[in-house]
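Engineer: Single-letter residue listing:
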Amino acid sequence: MSSGNALQDLADRIVAQAKPGEQVEAYVSRGGETSIRIYEGEVEHFVSAQSESVGIRVIKDGRTGYAYAGTLDESVLSEVFAEARDNVQFGSVDEWAGLAEPDGVAKVPQELWNEELAHFPTAEKIAIAKELEKLTLATDSRIRIDDANYDDAYGETAFATTSGIRAHGRENGCYVSVGTLADDGDETQTGFGFSVGRTPTEFNLGRAAREAADRATRLLGATKPQSKRTTIVLDPYVTAQFLRVLSGSFSGENVQKGRSFFAERLGESVANPLVTLIDDPTNPLAYSATDIDGEGLAARRNVLIENGVLKQFLHSSYSARRGQTRSTGSAVRTGGTPGVSCLAMQLVPGTGTQEELIAQVSDGVLIQMVQGLHSGVNPISGDFSTGASGLLITNGQVGAPIREFTIASTLQRMLQDVVAIGGDVDWLPMSANGMSLVINDVTMSGA
Amino acid sequence: MSTLSELVGKETIEKVLAKGRSTGAGFSEIFIEDKRSTSAGLDDGRIEQVTTGRDRGAGIRVVHGETTGFAHTADLSEAGLLQAAEAAAVAAKQGSGGVVTVALGGIDTHQVNDVQILPNEVPKTRKVELLERANEAARSIDKAVVQVSAGYGDSVRRILVANSEGVFAADDQVRTLFRVSVVASGDGGMQTGYDSMGRTIGFELFDLYDVEELAAGAARQAVTKLKARPAPSGALPVVIKRGSGGVLFHEACGHGLEADLVGKGASVYRGKVGEMVASSLVTLIDDGTMSGEWGAIGIDDEGHHSQKNTLIENGVLTDYMWDYLRARKENHRQSGNGRRQSYMHLPMVRMTNTFVINGTSEPDDIVKATKNGVYVAKLGGGSVNTASGDFVFGMTEAYLIENGEITEPLRKGNLIGNGPQVLRDIDLLGNDFAMGNPGTCGKDGQGVPVGDGQPTLRVKSLTIGGTAA
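So the protein sequences, as listed, match chains A and B.
Counting along the first sequence from 1, when you hit position 63 you're at 848 in my numbering, and nothing is skipped either side.
Counting along the second sequence from 1, when you hit position 380 you're at 1357 in my numbering, and nothing is skipped either side.
Hints in this document: simulated from the structure, not taken from any laboratory.
Predicted model, so just to flag it, every value in this text is computed and none were measured.
Think of the CB as a built atom: it goes at the ideal place given N, C-alpha and C, for glycine as much as any other residue.
From chain A, some residues computed to sit far from chain B (all C-beta separations above 10 angstroms):
1) D846
2) W898
3) K1096
4) L1213
5) M1215
List time: in silico DSS-like cross-link candidates among lysine-lysine, alpha-carbon distance up to 25 angstroms:
6) A:K845 x A:K1042
7) B:K1348 x A:K1013
8) B:K1070 x B:K992
9) A:K915 x B:K1420
10) A:K915 x B:K1306
Given only the sequences and the hints, what does the whole structure look like? Please build it.
Structural biologist: Below you can see the structure in the form of structure tokens.
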């Protein structure tokens, strides 16, 4: 049985070695990346890297064992299989343990592989990064460059299971990014800009350069604001980070294990009626678009919140079995056995540019950057506190820059306190989109 | 388990290094790694699974002028390594520099850590038992405990580094870690507790520390926080308990003292050596030789011995931390801080164990001397913008100080400050030094294990990012 694909064949071959009574899943992948960093007109580093990995999951009598290796070397494969089998005996019996099963949902065809990128000449990749550095430097005399980067990556995965899953996918993508430093006397502020594409011909270098320069120069002279309750306008990039913080609360597994503040809230209003939030990896505009999930099932569009009402939770085959429902194709692999996560979150845009939204705010702050979401937010309790920098808004106009302050509320309240969603949707190099977002009644802590 | 020098012979290494320089590069390096790890997780009352992992490969770095070429491979055969060396050499520079030869001496080692019980020689059953003990201990604290997750992890990381300047060194790094997180539920919603322990030693970790105690502590933290009130909003004096706030220095100045960031003018501490950058109470040290600590290493990932380096002495900045490239560029001595996450990554300047040494105040007196403020018993992670100096760090367990006494628990929040200002604002330093929890420091997408520590101390003003007026 040959599929004509070496990786799928390897996964099939591993699974064919399953013994009676064993459920086996093989998850094999390989990929590569090019990473070019330019500094002062020269290549600072050029990384050309290939990697491969295999993970084998064995389930027997309700117990699960897992092992992986960062190589597809035949001599190591048998060691990995033996380790996974050995590990089975230490797992607890779990009545819901099991592999995904084919569910008849067809893959949504997507163009995730770009031949032009696969054959793009190295010299041109270097030239693009050099051009980005040059364009950024030319924007403003106060700007220095921290680094200008070109990065691309490709990945190929294959799944096979004793339960009949056979799935294979490959994708590639690229982006450029630039970090800036803006100086004024002793003061230095930083900025960044980037552009993403399926191929380098889709980059908008001019916009990346301008944004990187603006972000840094706008903050020069920033002061620490007084503490008060205020309205915040999140930049699209910050909105995307905010959406990511919410991701785990939609996981059916977290709901089952008592780790989601959305538990028991299905069908209830959890957000302002303006809010419709979707997880849709089948949208090709999403950077994290994919056609299969982390168990080899077809990725699909799932509505999470519709007009403020909580519609559903996301499931892997495990959490679906446990919750007596169907997988939503939301399994993810972060090294080990499957978890559940949003794959490509999308807040449905409203209308209006950022300027138009700001014009409606009499007293507030435009949040340009946040710092420390990982350390100040508790997605289980909902406590939200993050460092920030940005610009004061007075009577609908942006004014003086401010920094070294925090904004705080709770995730539950912030969803209810959304008062406007911009139409300025931006597809960012992360697993959520972004647009300007206005949230009322947040505490700003400063001097 | 064969050693790396048995797996890849010296002659092969010499050929690879010579190949790396074959396009005229001045420097070539090979970093070989073989890492075996075991982890086990308990969640929702069940051992979810035991996982074993193996990561083995080599990274080859070639430096030509200001350009670094890097390639890595999981294929450790001579042919595989030579192919990677060629890729790195071509990446660093197109063209030909003729034939180069490299000759190495014997393997250098520098033993810092003393491992009693290799974790891979301990039956997995004993590792799983620890998880079950932690689960029971956490759940027995209070009925409000509704969820417990516990994790065990060990790794044996063997590295071998050689370069065209004759460095040829090896190290075995054994780490063992245990962590517990707890969810408690009450009228006001859910709260969480977390604690961890980890050292660069073997399974004897569990002879030194008690998993039940760790789990009970995490459970009490979650239950206590059910009654917590929102943290204050605004600037207040902050007292940080010993061994809980080393991350303060890691963010407030540690990253800013990394010579690669300084060299690019991306640090508020650039050009400040010899100057007063902190309160005279502060002496800050980075020490990779601190036996058994989470950031302890015999050699760094460029083959240089780990060292004890004084960064700030009585408030005066004495030196930065260095890696090979930055030290070579500025004709500075090595400091043993060139580290990388794995063979798939380029090394850069990283901290090891970073800590502030004892002052003279009694910790109780520090609290008593504080009329109103916040007492932080456990800090979470943090992050810093080294160019502006602004940094944040989270408080995982904190209390109000009212009239010189620790009173009510507070909900989670971030603290924000500016590094140089906060270092100057440290006005009381205790005599009760302790190292803190094991940490993973992220920089440029790479994570490495680091330790930190400090005695109880007070910062006279920090901005608390809560919601209470």
